[in-house]
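With these hints in hand, go ahead and build the complete structure from the sequences.
Residue numbers (the numbering used here), protein chains in the order written: chain A, 1 to 298; chain Z, 1 to 325; chain F, 1 to 487; chain L, 1 to 305; chain V, 1 to 324.
Simulated from the structure, these hints should not be mistaken for laboratory data. Owing to the predicted nature of the structure, the values given are computational and were not obtained by experimental measurement. Among these hints, one or two may not hold up.
Simulated pairs of lysine-lysine, DSS-like, Cα-Cα distance not exceeding 30 Å [unchecked claim]: (1) V/Lys139 to L/Lys216; (2) A/Lys72 to F/Lys289; (3) L/Lys216 to V/Lys61; (4) F/Lys116 to F/Lys55; (5) F/Lys116 to F/Lys158; (6) L/Lys216 to F/Lys158; (7) A/Lys127 to Z/Lys26; (8) L/Lys52 to F/Lys154; (9) F/Lys324 to F/Lys383; (10) F/Lys116 to L/Lys52; (11) V/Lys79 to V/Lys61; (12) L/Lys216 to V/Lys83; (13) Z/Lys39 to Z/Lys136; (14) Z/Lys248 to V/Lys270; (15) L/Lys52 to F/Lys104; (16) F/Lys7 to F/Lys202; (17) F/Lys154 to F/Lys195.
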Amino acid sequence: MTDTILSVQTVAEASPGMRLARRFLGQKAFVIGAGILAVIITLALLAPLIAPHDPYAQNLALRNVPPVWYAKGSWLHPLGTDQLGRDYLSRVLYGARISLLIGISIVLISGIIGTTLGLMAGYFGGKMDLLVTFLVTTRLAMPLILVALAVVAMVGGSLWIVILVLGLLKWDRFAVVMRSATQQVRSLDYVAAAEAAGASTTRIILREVLPNIAPHLIVVATLEAASAILLEAALSFLGLGVQPPLPSWGLMISEAKAYMFFSFWLIAIPGSALALLIFAINLAGDGLRDVISPEGRV
Amino acid sequence: MTTLLEARDLTRSFEVSQGMFKARRKLHAVNGISLDIRKGEVLGIVGESGCGKSTLARMLLGLLPPTEGGITLDGTDIRTLGRKGMARRVQPVFQDPYSSLNPRRIVASIVALPLEVHGIGTAAERRKQALEILDKVGLPQRFADRYPRELSGGQRQRVAIARALVMNPEVVVCDEPTSALDVSVQSQILNLLMDLRRELGLTYVFISHNLAVVEHIATRVAVMYLGRVVELAETETLFRTPRHPYTKALLASVLTPEPGQGIPETGLGLAFPDPLNPAPGCPFHPRCPARMPHCSTTVPRLLQLGRDAVACHLHDPGQSIPSTQ
Amino acid sequence: APALAGKADNTIRFAYDQAPESVDPFFNNVRIGVIIGQHVWDTLVYRDPNTNEYKGQLATAWRQIDDRTIEFDLRQGVKFHNGEEFDADDVVYTMNFISKPENKVVTQANVSWIEKAEKVDKYKVRISTKQVFPAAIEYLAGPVVIHPNEYYEKVGPKGQNDKPVGSGPYKVTNYVPGKSITLEKNADYFKDSPKPQPKIGKMDIRFIPDRQTQMAEAISDGVDFIMHVPKDQAEQLEAVPTLQVVSGETMRIVFMQMNTLEGTPAPALKDERVRKAIIHAIDREGMVKSIVGAGSRVINTICFPSQFGCTDEGATRYPYDPAKAKQLLAEAGYPNGLQLDIVAYRERNQTEALIGHLQAVGIKTNLRFLQYAAMREQVASNKAMLTHQTWGSFSVNDVSAATSNYFGFRSEDITRDPQVRDLLTKGDTSVDPQVRKASYREALKIIADKAYAVPLYSLPVYYVATSDLNFKAYPDEMPRFWEMTWK
Amino acid sequence: MIGYILKRLGLALLVALAVSAITFFLLRLSGDVALAIAGEGAQKEDLDLIRKTYGLDRPLVVQYVDWLWQTLQGNFGTSLYFKTDVSRLVLDKLPTTIILGFTALGFALLISIPLGVLAAVYANSWIDRLALAIAVVGQALPNFFFALILVMVFSITLRWLPVSGSGTWLHFIMPTIALGYYVAPAFMRLIRAGMIEVLSADYIRTARAKGLPTHKVIFKHALRNAVVPVVALTAVQLGFLLGGSVVIETIFALDGLGYLAYQSITYKDFPVMQIIVLLLSILYVLLTLASDIANAWLDPRIRVA
Amino acid sequence: MSEAILEVGGLSVDIATPRGALHAVRDISFSVKSGETLCLVGESGCGKSMTSLAIMDLLPKAATRTARRLAFAGEDLGKASRKRVNALRGDRMAMIFQEPMTALNPAYTIGNQLVEAYRQHCSASEAEARERAVYLLGKVGIASAAQRLGQYPHQLSGGLRQRVMIAMALMCGPDLLIADEPTTALDVTIQAQILRLLADLQRELGIAMVLITHDLGIVARIADRVAVMYAGQIVEEGPTASLFANPRHPYTQGLIDCIPVPGRTVPGGKLGVIPGVVPSLIGEIRGCSFRDRCSHARDICAATVPVKETEDGHQWRCILENAV
Ligand SMILES: Nc1ncnc2c1ncn2[C@@H]1O[C@H](COP(=O)(O)OP(=O)(O)OP(=O)(O)O)[C@@H](O)[C@H]1O
Ligand SMILES: Nc1ncnc2c1ncn2[C@@H]1O[C@H](COP(=O)(O)OP(=O)(O)OP(=O)(O)O)[C@@H](O)[C@H]1O
Ligand SMILES: [Mg+2]
Ligand SMILES: [Mg+2]
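Here it is, written out as structure tokens:
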């Protein structure tokens, strides 16, 4: 608290937004992570413009062409072609869209479920808290991969099924974090002050509590997006995720693993792309967390 | 003076768990308190940490439902007033100026919140009103668009006071409004509170553990110990002729900046008040230098002595016969 | 550790990607089950894989008594692995056991034709069929193995699975469900069996689900024998000096179904032009050449050419012709193409290639890759549009085991042409080979002319083995370890 | 204490019940068991027969109650696919998975505790950055991809380790690494964060003010307190490892529960799936109970004399 | 009077922050003799704790200490090795912290924590150490001390914990005791008890004590000498009686004025105030740091302000000769 009093004059120089920006930019990890992420997102958005070929167009005469840096490679297919003669670069570019779509959609679904549950539990406490805690325990007790695999195996894999199943299963972290964050905020006096000002419960939750736990929400969302993308890749790897010919990176790894002993680049390219994406998201998420709560790099 | 806010047999208990392996226990944070707060007065409430001051304050504000007993405002049960009804007449100022302001709102929006909730005026009007009240509490216009983290503790507390006053309430419940502040800032806030009271005819409930401050600001003082009021008196009377041994000990413990007086001996034992395991009989008896045998068996009642009241066997001859059990 | 095994201690280590649900051949329907079954058990009749000629195995001779009854003379002096002697009781017990539906034999299609068996004397039995069933000998030479009656009666199918006992060239010495099974040479294997006396002492069969793990094991000399290696990988493994790659055609055919039933989710498929467009769109030769691989051939009718009754004589052929396909689609009212679902369950890379070809003529497909059962459910409940199917006929060398399954109004049939059904039924239940052939030919021709399905190609199988091994591939996907030797 | 444990066991039971019900209905609603049992080429009559013999023609709730009743009696049913007792099948595979789970956990702790402590003690130094880099990279590599690379390097190229199987301890090395490295970063971060927090605690200053040598301050006063949340995480992560071994066991054909789970999923072997999920959920709840008790043992504030 | 046990000359503490160096303590000097109690008083954030931590060499990593002289019993702490400092800490110089709730390690019994330092410094056996712990617990007024040794901190009340902290500080018989706001977290009645105990022990054992507080009431009652800190500097220092009777610095005067004192201030009346807020300590600070809150400020206050002194050792840093 001493800090705050003393900083009065110094802070007056910069606007809050500026200072926040400065704090973010001071975070090397965040800058790197967000930078890579921005590049990947741009490439994904621009895929239709920059992809040299139709990612679905196959050419059985030009199968498994190695990337350009191999002796047999050519600039026609800078990253080579896959087992059906499809341009690998184009597929990787389009794959970014799918991975991002998966990450974002799953986080949206699970985030809405988890945040709602967490807010209710944290704000109302008592029986509601018991109920939500029980739900979370139950959810945590269910082996996620197993249940996801089983359901996808039964219903049949497809992009939206995978998103739906994982979205409905992955809300636990949101609920847990939002619950404790809400509990914390709930006990603060400004909530009591809003109550004393006559504000309704809904209003307090939406206007006083939610904005203050939003930073945690964003951090969880980034990290969960990374884990969702990985999870989808694992499902696809086991053949129970997204279906061909969609160029999901997990699926590409799964298809390429057949060639890994002799055409390593086929698995290395989507594998590194995936690792890079996860790396960037985690780095950005970490940085975000450091900016928000510099002490706890959990 | 007319009674504005009245508490009858107010009790509040909490279920608390003490570690995983122990059963949850009942903690009586406030235990059968009856108080009347009269229009225009400043009722000081003092007591040690954990004696239930804040719990009482929250109940008076209608933020916490009592487990037993009730509160009336001008004769109507506050439960029938509803949250909004209460908000127009009773407002809080909390202890910690750091957690009592929403860090994501600018000052003007914090102060205008009650207006917004009650749908008073347009956004522009509300802002204007907020600026006026900010001016009144001594915060210039330029602070209106700042975030709380850009303010000092004293400035924040001014914002909190402005928020409490924007609806023109009758009663302001101040829960240790200065204990988080440095003395130099404390005096600013105390002066401000006194000025506002004079100007607006406010009634204060002023909670503090600092007796010097209470003596300075209050017209009447209630001394609390472990959830009960042990003494209630006009300020002057209380400080001149304290009746309860605990009040005496409290007064003795006040260290005024007078060199050479040394540290007083309070006469209190080493026992410490534990709200979870209150002593049987008079809750203060384990520490009381004047305890008598029946103090450990019989709970003293709050004895009315003229306009004052005290809960101590020393002053209650009618109860001097111990109820043996 | 990988080092100690293989030729040195006369053990062949064989990895397969799927564990059989049960070792008892009647209680599994997977290839590895058939392979284990043929090594641990014997059948009454043996079909020589080289000449396709039937030879006596547990039977020495047989004769048709009437349309529905065959009499077998049984071999004397054969012993099961537990010492139990083989005689007519074993045959009668086995036949009667498997033919009763309440015994829940998994491979119903293989046994449902059996009515009963009767003992004539100790070494003579009669087996009767429910209907006239010309393919009976073929089945008796394949999936219908003979169990030891005393042991089986005692332990039941569960015990037979836990500790399997047969009369075949190998006996089971260790079985961990889902993990591995070890077979050892049966030193007392009867000399006159058409299966030669085994040379390889031990077979260590491990179930490794991941094909890359299998390949890694093969490369690092962790296993000696793997099969069903995809073409591309097999070709790559050829470069490894310690390995040999052998490919062979199998009886498994690959085709696509098109749902033309009432209430089909894809009404467009009811238009013959659309169906023909689909066939024209697919470059079957190209796929065979670059994806499917050596040992595969393009088929024009929905059956495997070596099967009795299978022919493409007179059936319409649809060459690869995307332009024609587009034109047919336009004629049918789909100048801008159309969108269809396709369900599939194996050979995913081939499905992808099919999808690519269809996309090229404007047919967008949405793949639903399912487990076999789920796919069947889609088909049976009239929810499928296109299917990418394969069918191995249980290695039964007769059209009744193939075409009839998909066009005989069974639940797999999503075209349901009564004319075709009647012709197939006639073929299935007639005794005269000429009558049978004629009816099948007629049925196959209608299927082709009306483009009810897309015949694609036969599926080859690639075996990768240590180069020390002498072995030969047969079209029935049956590696015969009893005849293999070390180099 | 006893009361608390009983209460927790009751909760465990409730959770197990909920998990079993959810998975039961989820799985039954998303596919047809009879078809799964029947396999390739089965006809309508076969399906009807199967439905009848397996009782699949009854309402789902009845099937669930029946299943639950049987399970409670210790009758876990027969594997649809392997035709053997589910209990035997699961018991056979359980040790492998438990061993793998613990070795992976041990591996994770072995690398994360020293790294976490170092990173905290030398916070914001290059050691910290390195540890963080290891953590972030570790979490970014999909474990199946990492497992395949391990195979490439150690089995194909170097030929040091067997690719698959569970015969000797050598078989466990790669699966242990592949599985363990993925959870190590979580531990490392937690230990780091815990240590940083604890190192700035007042009682650490007290210890230093007493003139204690640094190693005593770090290992006696700090680590002991920082390790408390790690215990809680251990339970969760062990549960995660057990569940997550599906992928790894499948790749390494390690004959454990995860592989069995994968098989049962591909074969739609409901009885086995149900029991594995149930078992893992019970294990999870018991693990959290155990970790709470361990926590209490470590943290006298909870233990209470 | 005996030798100065602690000499501080020109001590500064700078803390690296993202916004630049924060000058938490700026060139302060004082000394404490055996048996003497010096109180450092000042408002929150003025650098009191940093001063005490700098003496004990317990500063946070981001902070750096510079001093012309920092000597304990004549020994230069600035040049002492880490080992030597460790040997002095807890043995001859001890410290009590503000928060009795968090200053004890929750994971170990108080017995364990009490004997630790003693065994470290005095190479005593466990039994001897325990005996001494029991003796000292008795001394700080804890009954049935032997049983208490087996208890964990959370089982004690705040007052008891602070007593344990005091006993712990006394284990090795220190020459210097630094107490950083030892009673701020306690209730007033308990505060009085603890302060009394400290004062008694200090007198009895003849220890030099540096007591840090923001409460002028405590200062008045316990200190021999007082140093008033403002924004990292000592603005006024002198014998207690003289300083309270005759505060020379406007800040000291302001502080005294803003406390309500029963009898002296009018109930409900106006209290004295110090307008404005404490300046930022980041960046270079020139001249009197109090000048923008001071009613006596003049232009020359922006230049370096001289220290004035009277004969009885009363010093102040102001252009004014006397309090107004
Ligand atoms: N929500 C709660 N749950 C459980 N116990 C509570 C709760 N709120 C207060 N208490 C307990 O009730 C008692 C009285 O608390 P209260 O906050 O009213 O005391 P206080 O007099 O305001 O103390 P302080 O001076 O420390 O603010 C304390 O023992 C406290 O621990
Ligand atoms: N770790 C730190 N990092 C940055 N600044 C710090 C740190 N610790 C203290 N400070 C700053 O150093 C200055 C002096 O702090 P110090 O703790 O000595 O004040 P204090 O007088 O003890 O205050 P209090 O009465 O609040 O304990 C303050 O401005 C504070 O904000
Ligand atoms: Mg309070
Ligand atoms: Mg301090």
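Results of checking the hints against the structure:
Distance restraint check for V/Lys139 and L/Lys216: the Cα-Cα separation of roughly 28 Å lies within the 30 Å cut-off, and the hinted pair is therefore satisfied. Of the pairs offered as hints, the one joining A/Lys72 and F/Lys289 holds, with about 21 Å between alpha carbons and a cut-off of 30 Å not exceeded. Between L/Lys216 and V/Lys61 the alpha-carbon distance is near 19 Å, which keeps this suggested pair within the 30 Å criterion. Under the criterion of a C-alpha separation no larger than 30 Å, the hint pairing F/Lys116 with F/Lys55 is consistent with the structure, at around 23 Å.
Pair hint F/Lys116 plus F/Lys158 holds up; C-alpha atoms about 23 Å apart against a cutoff of 30 Å. Taken as a hint, the L/Lys216 and F/Lys158 pair is broken in the structure, with Cα atoms around 63 Å apart against an allowance of 30 Å. About 18 Å separates the Cα atoms of A/Lys127 and Z/Lys26, which keeps this hinted pair within 30 Å; it holds. A C-alpha spacing of about 26 Å is found between L/Lys52 and F/Lys154, which places the hinted pair at or below 30 Å, so the restraint holds.
Between F/Lys324 and F/Lys383, the direct Cα distance comes to roughly 28 Å. Compliance with the 30 Å bound is thereby established for this hinted pair. Our distance criterion of 30 Å between C-alpha atoms is met by F/Lys116 and L/Lys52, whose separation comes to about 24 Å. For the hint linking V/Lys79 to V/Lys61, the alpha-carbon distance of about 18 Å falls within 30 Å, and the restraint holds. For a cut-off of 30 Å, the pair hint linking L/Lys216 to V/Lys83 stands: about 14 Å separates their Cα positions.
With a C-alpha separation of about 22 Å, the suggested pairing of Z/Lys39 with Z/Lys136 holds against the 30 Å cut-off. Distance hint between Z/Lys248 and V/Lys270 is fulfilled; the C-alpha atoms sit about 27 Å from each other, no more than 30 Å. Among the hinted pairs, L/Lys52 with F/Lys104 is consistent with the structure: their alpha-carbon atoms are about 11 Å apart, no more than 30 Å. The suggested pairing of F/Lys7 with F/Lys202 holds, with an alpha-carbon distance near 10 Å, which does not exceed 30 Å.
Using a Cα cut-off of 30 Å, the hinted pair F/Lys154 and F/Lys195 holds, with the two alpha carbons roughly 29 Å apart.
The structure fails to meet hint 6 from the earlier list, while all remaining hints are met.
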